[in-house]
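**Student:** Please arrange chain B on chain A, whose structure you already have, making use of the hints.
Those sequence lines, one after another, are chains A and B.
If you read the first sequence in the working numbering, its first letter stands for residue 45, the second for the next number, and so on.
If you read the second sequence in the working numbering, its first letter stands for residue 45, the second for the next number, and so on.
In case anyone wonders, no lab produced these hints; they're calculated from the structure.
One should not assume that every hint holds.
Where chains are identical, the list cannot tell them apart; a pair therefore holds if satisfied intra-copy or between any two copies.
Quick list of in silico lysine-lysine cross-link-like pairs, PhoX-like style, CA-CA up to 20 Å [as the list claims (entries may be wrong)]:
hint : residue 1 : residue 2
1    : Lys303    : Lys411
2    : Lys304    : Lys411
3    : Lys321    : Lys148
4    : Lys338    : Lys321
5    : Lys255    : Lys176
6    : Lys120    : Lys253
There are 2 protein chains.
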Amino acid sequence: MGKHSGSEAPEELLAIHTILDLIRVEGPITRSFICERSGYSRSTVSLNCDKLLASGLVVEEGIIYRNEKGKRTKLKINGNAGLIIGIELGATSCEIGLCDLSAKILDFNSSPVDLSQGPDPILAQIYHRIDKMISLPSISKMKLLGICMGLPSSVDYQRGTAIYPAFMPGWHQYPVREILQARYGCPVFIDNEVNTMALGEYSLGTERKYKNLLFVKAGTGIGAGIIVNGEIYRGQTGFAGNIGHIQMEGHNEICQCGKKGCLEAIASGSAIARRAKQFISNGGSQLLREVYEKTGEITAREVKYAADHGDTACSQIIREAGTILGELIGRIVIFFDPSIVIIGGGLTGFGPSYLSFIRDGVLSQSKPWINPDFEVKESTFGNKSGVIGSVMLCIKELVSSGAILRVFMSQIQK
Amino acid sequence: MGKHSGSEAPEELLAIHTILDLIRVEGPITRSFICERSGYSRSTVSLNCDKLLASGLVVEEGIIYRNEKGKRTKLKINGNAGLIIGIELGATSCEIGLCDLSAKILDFNSSPVDLSQGPDPILAQIYHRIDKMISLPSISKMKLLGICMGLPSSVDYQRGTAIYPAFMPGWHQYPVREILQARYGCPVFIDNEVNTMALGEYSLGTERKYKNLLFVKAGTGIGAGIIVNGEIYRGQTGFAGNIGHIQMEGHNEICQCGKKGCLEAIASGSAIARRAKQFISNGGSQLLREVYEKTGEITAREVKYAADHGDTACSQIIREAGTILGELIGRIVIFFDPSIVIIGGGLTGFGPSYLSFIRDGVLSQSKPWINPDFEVKESTFGNKSGVIGSVMLCIKELVSSGAILRVFMSQIQK
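So that you can see chain A by itself, here it is in the shape it has in the complex (with noise of 0.2 Å):
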């Protein structure tokens, strides 16, 4: 399908269409820059540039310079033409973001789930807390223009569904888009929750420069988002960044999803909790027992804190973790040679120690096949990262589909 495809579109519709995505991707910009980049002429650029200005969709931003000619200002998306909602359903918790066009987060909120109830109960858990945001008086009447929900889970990009979830009872296929759709009557979008916050580092991060980036989230499961040249890549089944189930050599645990030796049997959350309370069992953490006594439970929480008050089992348990993690990022950086790879979710929190372990363990596989500029980084939006992504593959969705300029063709056609 090509990019404009089903619509036949005339001309003048192309034209404001690439000149919006290239504002939404490369802005603030000046129409200098867009006749350059677009190819188009300026009394193109200029005109249709005035279009979306009368729309309420692009804004101008500060003034480059002033003369008797005129003025120059740079372009770039109205954030108070709307609203977009980012959702990030984790293993063990949901975050919502209510958020501008621009992406800022106007309300944020982060509640645990229990995914083995089935879609129902969490969909309820999601309207409600949906809907109190967008009943607020601040925002009430700003228009909810699209809702994004990462999973975690491979995706049916194309119908808006989980594929085969290893541990989400009764989503293989149910029809989330459309359920959202018929509620909130705005366009969804359905996308592995790796595979957005990849993009959300890509679009808002430091990282803009980099088109081709690796982001790894290692939290009770360990998923991969791939960026290349700035887009999400997928596969061809919605499968692609699935490194949890890459199998180690020399390993047996046995995964959830069956097989032996997967690395998220191995180096996940799930993994470490599982390992450390074999040092309970077998007396291998004094420390970790005592916390286990206490608290009654065991997860890579209770881990750092004994390994952060002096326990080297723990200790060892996190250094293991990320040094495997680590070496199998490194084979994937040789094959894939991204220009940096990103370490987001919740096994962050160890510290930097355990982002120095993996770094070593990437290096030590990659090089010397790496540029002189490649770097292992940690994630800049820590638990918001989900929503922040949501939101931009919601907004590049909108842009790129001709849907949010269908919403403001009234003003663009006066």
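**Tutor:** Frame of chain A, contents of chain B only:
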């Protein structure tokens, strides 16, 4: 850099450019199809198709129907409009093909090379063969429009040079593109040989329906070419697909890159020959010893001969090399989720059983994270794969850079 940056092309040029590129990628196609896919109006498409037909760069193919209103035909690039030379420089041989603009091979030549000599004698050998090809009376009136050369090395595509080639003394940053451009007076493109092969399979094989494709060349060395959304993916540094240097756990063979346990040190043609020689010295294969005493050398060819004649040690070497290559590809498939993996290179000469070992290795690692339609196939083009790929890349670049339009411009502007 945008698609049209730098040219400041007027809008007419932008339209003809877009239409020509659609004809190149999708042709033969109707004018209606061009309207639908480009978003341009019927009159714009019609006007520009007439210009392209008048220039001789595009021709009509067949008549779909003819009625009182006129006839309906399909448009495609005119194969006879000019010549392209494709070159594949491999580790041990160099293939050169003279093709027309439809990538039909008019002349083809393969001869051994010794890369240890450095670039000058290799280029002299290439000049000699090209000069002979283009002086053939039958084609000497056709214009040479471009040359593309694949190198067995990472490449700085923008500069047109090899970077850090493992076994090509003197080639690092040697300005091979500039030298060829100066000599032949046409645009020249330099890429990694496996990248061009991947593009050739994508563009001309039965695989054009698959936008995401992995091509693996298993020969003296091992490398992969990556097609993402129909385009060569080179990575940030030009190193992408460098899978021969992914380290395999539990292996300690020294690679010529200096690292231990690289795939190339275990499963490539050189590695197979080295393992076979060990069987000769330790008495593991009587037949191989006899072959060696007769021929004085052991390469993958002799290993195949012995395996075909019942030598179990040699069969075992081939099985292990195929399996370990397949298992690594299978892990990459989980990350990259291509719709197809194509195997090319000299080791495919081992025959169908070798391909089965690879396929079994791939599936053992990648199931169930693959599409039901996923396939592992052998290259369509055999030893012409590199030449065809280079020619396809050259045509693509000539069209998308606008270079070919400039050549045919005088006709178009009349």
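**Student:** Next, verify each hint and record whether it holds.
**Tutor:** Hints, one by one, checked against the model:
no.	hint	verdict
1	Lys303 x Lys411	between (30 Å within a copy, 9 Å between copies)
2	Lys304 x Lys411	between (29 Å within a copy, 12 Å between copies)
3	Lys321 x Lys148	neither (41 Å within a copy, 65 Å between copies)
4	Lys338 x Lys321	within (14 Å within a copy, 63 Å between copies)
5	Lys255 x Lys176	neither (37 Å within a copy, 43 Å between copies)
6	Lys120 x Lys253	within (18 Å within a copy, 37 Å between copies)
Hints 3, 5 from the earlier list are contradicted by this structure; the remaining hints agree with it.
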